[in-house]
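Student: In case you want the letters, here they are:
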Amino acid sequence: EPEVTQTPSHQVTQMGQEVILRCVPISNHLYFYWYRQILGQKVEFLVSFYNNEISEKSEIFDDQFSVERPDGSNFTLKIRSTKLEDSAMYFCASSLGQGPGELFFGEGSRLTVL
Amino acid sequence: GNSVTQMEGPVTLSEEAFLTINCTYTATGYPSLFWYVQYPGEGLQLLLKATKADDKGSNKGFEATYRKETTSFHLEKGSVQVSDSAVYFCALRLRETSGSRLTFGEGTQLTVNP
Chain A
1 EPEVTQTPSH
11 QVTQMGQEVI
21 LRCVPISNHL
31 YFYWYRQILG
41 QKVEFLVSFY
51 NNEISEKSEI
61 FDDQFSVERP
71 DGSNFTLKIR
81 STKLEDSAMY
91 FCASSLGQGP
101 GELFFGEGSR
111 LTVL
Chain B
1 GNSVTQMEGP
11 VTLSEEAFLT
21 INCTYTATGY
31 PSLFWYVQYP
41 GEGLQLLLKA
51 TKADDKGSNK
61 GFEATYRKET
71 TSFHLEKGSV
81 QVSDSAVYFC
91 ALRLRETSGS
101 RLTFGEGTQL
111 TVNP
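Quick note, the sequences are listed as chains A and B, same order.
The numbering of the first sequence is the numbering used here, which starts it at 1 and goes up by one.
The numbering of the second sequence is the numbering used here, which starts it at 1 and goes up by one.
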C-alpha cells in the first residue's frame, strides 16, 4: 500500500540552527501539506502546496518557514533559524485532490530544539 | 472561525466495553467531518468520514453520525479491543474554500486493557 514517508524520525538541534524536514508523498498525489503538533496541543495546519507553489498557509507559517519540492518526489519543510517553541511533531500529508477526500499522513518527524 | 472540540482524555476501558468519544464542531460553512487514528509509532490514518448531514461513517466497527442540529460527530464502538488503543482525532474540512486544510480537535488517548 502506498504511503507517505518522512525523515528524520527525530532531530535534535540547537536554537538558531537551520533544519530541513523531508517527506516523500504518495507518487500520484498532487497536493502536499505540513502540519505540526506541539506536545499536548492540537494538530495545526501549517501550509499546503500545489503546482509548485503555496496554495494556503496559516498564521504560524511565517518568514522563517519555507517549503520546496526540489525534484519530482521530495517535499521539504525548512525552518531557517529554529526557536525553542518550534519543538513539535511535524506531519507531512498528501492528497490526490482537494475535495472532501482523505489526506494521507506520514509518521511524523519529531523536532527538539535545545 | 472553525474549530473542533473533543472530550478530554485519556480514556481507559476494559476489552469489550462500549466506547464513545465526543466531538463537536464550529464551522462557518458546510464541513466534511473526519475521524483520524494514530496508533503508537505510526502516522495519522483516516478512520472514517461523513460529508453531509445525517451521513454515517463506519469502519472497523467504529461509527460516527454527522449531526448538523447538534454540530456533533461522536465516535462510537460497541466492543473495543486491546488493538484499538491509540489516539483519536476528530477533524473538519470545509468544502467551499479553495484550500483543503483540516482543522483538528485535541485528540483523545484511548487505552484498552485486556
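It is worth saying that the hints were derived from the structure and are not from the lab.
Hints may be right or wrong, so weigh each one.
[As the list claims (entries may be wrong)] Selected chain A positions facing chain B (Cβ under 8 angstroms, derived; list incomplete):
no., residue
1, Glu1
2, Pro2
3, Val4
4, Glu18
5, Arg22
6, Val43
7, Phe45
8, Asn52
9, Ile60
10, Phe61
11, Phe91
12, Gly108
[Claimed, not checked] Derived Cβ-Cβ restraints for the label pairs, each shown as a range:
no., chain 1, residue 1, chain 2, residue 2, range
13, B, Asp54, A, His10, 14 to 24 angstroms
14, A, Ser58, B, Gln45, 32 to 42 angstroms
15, A, Pro2, B, Asn2, 22 to 32 angstroms
Heads up, the beta-carbon is just placed ideally off N, CA and C, and yes, glycines get one too.
Student: Quick one: which hint numbers does this structure break? Sort them smallest to largest.
Tutor: 1, 2, 4, 5, 8, 9, 10, 13, 14
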